[in-house]
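Engineer: In case it helps, the UniProt record's numbering puts the sequence shown at residues 1 to 353.
Just so you know, not all the hints are guaranteed correct.
As the list claims (entries may be wrong) - Heads up, simulated BS3-like pairs for lysine-lysine below, C-alpha to C-alpha not over 30 angstroms straight-line:
(1) 326 with 277
(2) 326 with 278
(3) 214 with 243
(4) 203 with 214
(5) 203 with 53
(6) 53 with 277
(7) 277 with 203
(8) 53 with 278
(9) 277 with 243
(10) 326 with 53
(11) 243 with 53
No wet-lab data here; the hints were simulated from the structure.
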Amino acid sequence: MLLKKRGHACLIASGMGTLVLLMMVLYGTIGSQSGSSSSLRRDYQLLGRPLYKLDLGWPRNPELFTGDVFAVAVDQYAGVVYVAQRGDGVPKVLVFTTDGDLLMSWNNTTLEMPHGIFLADAASLNPTLWITDVGNGPHGHSIKQYSSSGKLLQVLGTPGHPGSSLNPLQFDQPAEIFVHSSGEMYIVDGDGGMNNRLIKLSKDREVLWMHGEKGQGLAQFYIPHSVTVDNNLRVWVADRGNKRIQVFNSITGDWLGTWGSCFTEDAPYSVRLTPDKKYFVVVQLHTNQISLLDAPPGGLIGQCNVVSVIQLADDVKPHLVDLDLKTGALYVAEIGAQQAQKFTPFSLGGSFL
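Turn these sequences into a full structure, and let the hints steer you where they fit.
Structural biologist: Next up, the structure:
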């Protein structure tokens with residue numbers, strides 16, 4: 001099934017055209033917007049099973065995006081969305097409500113070039129944000145913890161000094177971090193730098209295990225770009241340069257499997273789970289796609305299977321995503337369009353739960 005915006009053009013009066021029109025009404029595909037709205041924000045197609053639709057009203061003032069938008073993180077308890085962007089003289093983090101209102105912005109001088117952003121301790125009174133910094137200045141090549149208002153709390157790595165050391169800990173363009181509820185951390189280090197590593201740290205910041213060899217073999221990486229952990233003790237890594245997702249045991253670090261057949265045209269850039277744990281959300285930047293893949297239950301990894309695709313307009317370049325674990329809403333950071341967008345699920349009245 002294909003849903004596609006055609007401006008104000010009429011559908012052909014055929015049986016197929018009638019079906020498409022009916023599905024557009026049922027699933028709420030995009031209508032025309034005011035001339036002030038960017039066409040990049042509005043033009044998309046739904047392929048396969050329709051699971052998400054664009055929230056046209058989020059954020060309320062899209063002109064607030066003034067840089068290249070690289071990452072998003074959602075606090076489902078506070079109803080807050082953090083958007084990380086790059087650029088000279090622009091705030092590095094914008095803080096919105098899930099309804100689309102701007103709450104505040106940061107222009108922290110300790111943050112050079114944000115790449116990935118992750119919200120930790122979401123259920124606590126003091127959630128914090130971990131941001132990977134790939135800058136080449138005195139604060140780059142590090143991973144930093146900030147308060148929800150932008151106060152620097154902690155730094156991992158050796159700022160300003162790229163490297164591969166584990167003691168002291170060094171990074172070279174760390175791409176993303178996932179912080180488990182246990183406090184354990186999973187880091188993919190190497191957004192094009194000297195490292196191609198997946199590192200697990202204890203809550204005391206000690207290295208528990210690591211895979212750090214560049215290559216195309218099992219448990220080798222080429223530009224590992226995104227990481228997430230499921231409820232079945234499995235770590236899923238978007239191995240961007242090798243156009244595949246690799247899977248590991250979160251306790252032992254043992255290799256469990258690989259998905260590659262779904263990524264023949266473009267690499268996976270981001271990987272996250274929907275709140276119901278049924279689907280992986282995977283982004284492919286160059287083909288401008290957001291795909292939902294069946295998430296296998298515990299046991300064998302099996303083969304990847306694409307259930308649904310959000311096909312964005314050319315040059316949108318989606319980069320990293322995050323989901324609201326309460327409502328199932330999907331937030332997408334888009335480098336080319338210089339914006340973040342919100343997609344809401346069709347099922348259960350707008351919620352996966």
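Engineer: Would you mind marking each hint as holding or not holding in the structure?
Structural biologist: Evaluated hints:
no. : hint         : result
1   : 326 with 277 : holds (13 angstroms)
2   : 326 with 278 : holds (15 angstroms)
3   : 214 with 243 : holds (14 angstroms)
4   : 203 with 214 : holds (27 angstroms)
5   : 203 with 53  : violated (38 angstroms)
6   : 53 with 277  : holds (19 angstroms)
7   : 277 with 203 : holds (25 angstroms)
8   : 53 with 278  : holds (18 angstroms)
9   : 277 with 243 : holds (23 angstroms)
10  : 326 with 53  : holds (17 angstroms)
11  : 243 with 53  : holds (27 angstroms)
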